[in-house]
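Using the hints, put the two chains back together into the complex; each one sits in its own frame.
The residues making up each chain are set out below.
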Amino acid sequence: MIINRSSGSRPFRLPDNTTMNAAPQESNESEIVRRVLAGETDLFERILDAHRNLVFGIVSRHVPVQEVEGVAYDVFIEAHRSLAKFSGQSRLSHWLSKIAVRRCCDYWRGKGRRREETANPLDARQTEWLERLAAASSREEFEREASRREAEETLDWALGHLGEKDRMVLSLIHLEGHSVAEASELTGWSRANVKIRSMRARHALKKILLQTLEKKT
Amino acid sequence: MKTPDRFAPVEAALAQAHQNRAVPPPSPGWQKRVMAGLRLPGAQAADEATPLFVYAAYATTALSFCFVMTALLAGWHQPTDSLAWLWLGDASSIQTLLLTY
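Protein chains in written order, with the numbering used here: chain A, 541 to 757; chain C, 473 to 573.
No lab work stands behind these hints, which were simulated from the structure alone. Treat the numbers as computed from the prediction; the structure is a model and nothing was measured. Incorrect hints may appear among the rest.
[Stated by the list, open to error] Result set (SDA-like, lysine to any residue): computed pairs, CA atoms no more than 25 Å apart in a straight line: (1) K746(A) to Q488(C); (2) K638(A) to A721(A); (3) K746(A) to E693(A); (4) K625(A) to Y647(A); (5) K746(A) to A480(C); (6) K755(A) to R742(A); (7) K504(C) to I572(A); (8) K746(A) to Q491(C); (9) K638(A) to M507(C); (10) K625(A) to A528(C); (11) K747(A) to N733(A); (12) K504(C) to E585(A).
[Said to hold, decoys possible] Part of the chain C face toward chain A, derived, beta carbon under 10 Å: (13) A485; (14) A494; (15) P497; (16) M507; (17) G509.
Glycine included, each C-beta is placed from N, C-alpha and C at the ideal position.
For reference, chain C alone in the conformation it holds in the complex (with noise of 0.2 Å):
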């Protein structure tokens, strides 16, 4: 014999009262002070423009992959010709690079 479902008309009452919540409503001065709200600071209806910091997180990844290519087609395979290695830092290339030149 299968076991009654207590579950189910309980989840049933419970839809019941979700349905039946009251709905109150506004009251009077609520919409007057929505339309307050609008015009403060902050709540104006704009196009919302890019913030720049967007811009300048674009513009710092296009500059290190600049870099990272040059520092790798201007001889990572032979640091002390390369200034890519003056530019990573590497404290012996730039005494090898003043040695050399």
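Only chain A is shown next, with the shape it has when bound in the complex (with noise of 0.2 Å):
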């Protein structure tokens, strides 16, 4: 199966020229989060350039397509105001990654569940893609219909059904891979929560997809 469910650590995906080594030094870190918190708020540009790719790169797999520089700004803008709470204990693009989650989290919140996508089943064509999809009997099969368009867009419609905490444990931890500690400190939900809340919303999941895929048949 293709999902990871590893419970080792697994740094989010980053876009194909950025890595975690391009991240200011810890010591250059504390010495630029001193320096703004003194004043110095053009040197906030260095952690901005330093982690634009990570925050783009988790945001844009939470959010659509066109609201992502919007919660972007978002997050950088509620890293700056609280750069106080910066313990330094960890690095700060992991403390930014849980700013990324949160603000993610904020704004499906703030968006509401979308009734009018979860209302309308699936269209013809992604109803047929699903079909396919669970009929692939060879893995070439299989991958070519992973990577039509419709997977994504079937994705979306899926999401849309689940409330906004349920999408987000359900998005790391079953599609991004990441452990229930991980997602816990992601999110700064109890682990206890994050697992229920992670079977809860792969059961419902499942469940909507296979009505539409028994509906069929």
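The following block contains the structure:
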């Protein structure tokens, strides 16, 4: 199976030209943070340069593409405003990841459940894609179907049925392969809460998609 | 014979689609907009001071505690002898106090 459910540390996938090493050294980070807090606001641009791709990478997987810039903007504004809370015990990239995940969750909370999307059934093209995928008999066939545009459309449609917290937990654990502990840290929710939500959200997703398949057959 | 899980390939494909989502590059003016946003009031990086209402809440709690403890110790068992009942607003005890003293 393609989904990685390993419990080990699994950083966010970064855009191709960026690695975690691109972030400033920890000591430099602390120094920059200290100076920004002392009033040298322009230095924040160095943090922005170093972590912009990381934040865009996270946000683009959780909000619609046309909203990515706006949410990423909010992430950095919030990071700047609460910079004094950055303890320096973890890396700045990790701290920013947490802010980004929570901001994405806030985005969906603000938007509310997209009822118009939820109310509409999958269109015929996407339903056919689901059927072809469920019937795929070879790896090649599966790969071909999985890379089609319908995959993302169906994913967005299915996630539209979930509340913002379930959606976030499901994405982090089942779609990105983070462990419960990692998801708990990123979201700030207890492990038990994350575990229960993740099971419930996956069950809901399964029910929604299988019902669609069964209706057709 | 085990029933094939129809959801497993769907879930795997959705995970792949999720991982493959395109990451849009920031537009040319985005970074400048962020830097401009940092200078707006309310976005300043600073140690956030504890709001005044938090201190007010602490003070109210402490005063309430002192008041109740005083009322209890000063003569809960003998209402007519105690000013505590005056504080509590018991009209009859006010009358009693006035008559007594």
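Okay, the hints, checked on the actual structure:
A threshold of 25 Å between alpha carbons decides the hint, and for K746(A) with Q488(C) the separation of about 16 Å falls inside it, so the pair holds. Proximity of K638(A) to A721(A) is assessed by CA-CA distance (about 13 Å); at most 25 Å being required, the pair is judged to hold. Only pairs whose Cα atoms come within 25 Å are accepted, and K746(A) paired with E693(A) is accepted, the gap being roughly 16 Å. Restraint check: the Cα-Cα separation between K625(A) and Y647(A) comes to about 22 Å, which is no more than 25 Å; the hinted pair holds.
Distance hint between K746(A) and A480(C) is fulfilled; the C-alpha atoms sit about 9 Å from each other, no more than 25 Å. Restraint check: the Cα-Cα separation between K755(A) and R742(A) comes to about 20 Å, which is no more than 25 Å; the hinted pair holds. Distance check on the hinted pair: K504(C) and I572(A) sit about 19 Å apart at the alpha-carbon level, within 25 Å; holds. A hinted pair counts as satisfied when its Cα atoms are at most 25 Å apart, and K746(A) with Q491(C) qualifies at roughly 19 Å.
A C-alpha spacing of about 21 Å is found between K638(A) and M507(C), which places the hinted pair at or below 25 Å, so the restraint holds. Straight-line distance between C-alpha atoms of K625(A) and A528(C) comes to about 24 Å, which keeps the hinted pair within the 25 Å bound. For the hint pairing K747(A) with N733(A), the CA-to-CA distance comes to about 21 Å; that is within 25 Å, so the pair holds. A C-alpha spacing of about 9 Å is found between K504(C) and E585(A), which places the hinted pair at or below 25 Å, so the restraint holds.
Contact between A485(C) and chain A, as hinted, is supported at the beta carbon level, the nearest pair being about 4 Å apart and thus within 10 Å. Residue-level restraint check for A494(C) holds (minimum Cβ-Cβ distance to chain A is 7 Å; threshold 10 Å). A cut of 10 Å between beta carbons decides the hint on P497(C): the least distance to chain A is about 8 Å, and the hint holds. At about 6 Å, the closest approach between the beta carbon of M507(C) and any beta carbon in chain A falls short of 10 Å, and the interface hint on this residue holds.
The restraint placing G509(C) at the interface with chain A holds, with a minimum CB-CB distance near 5 Å, inside the 10 Å limit.
When the structure is compared with the earlier hints, no violation turns up for any of them.
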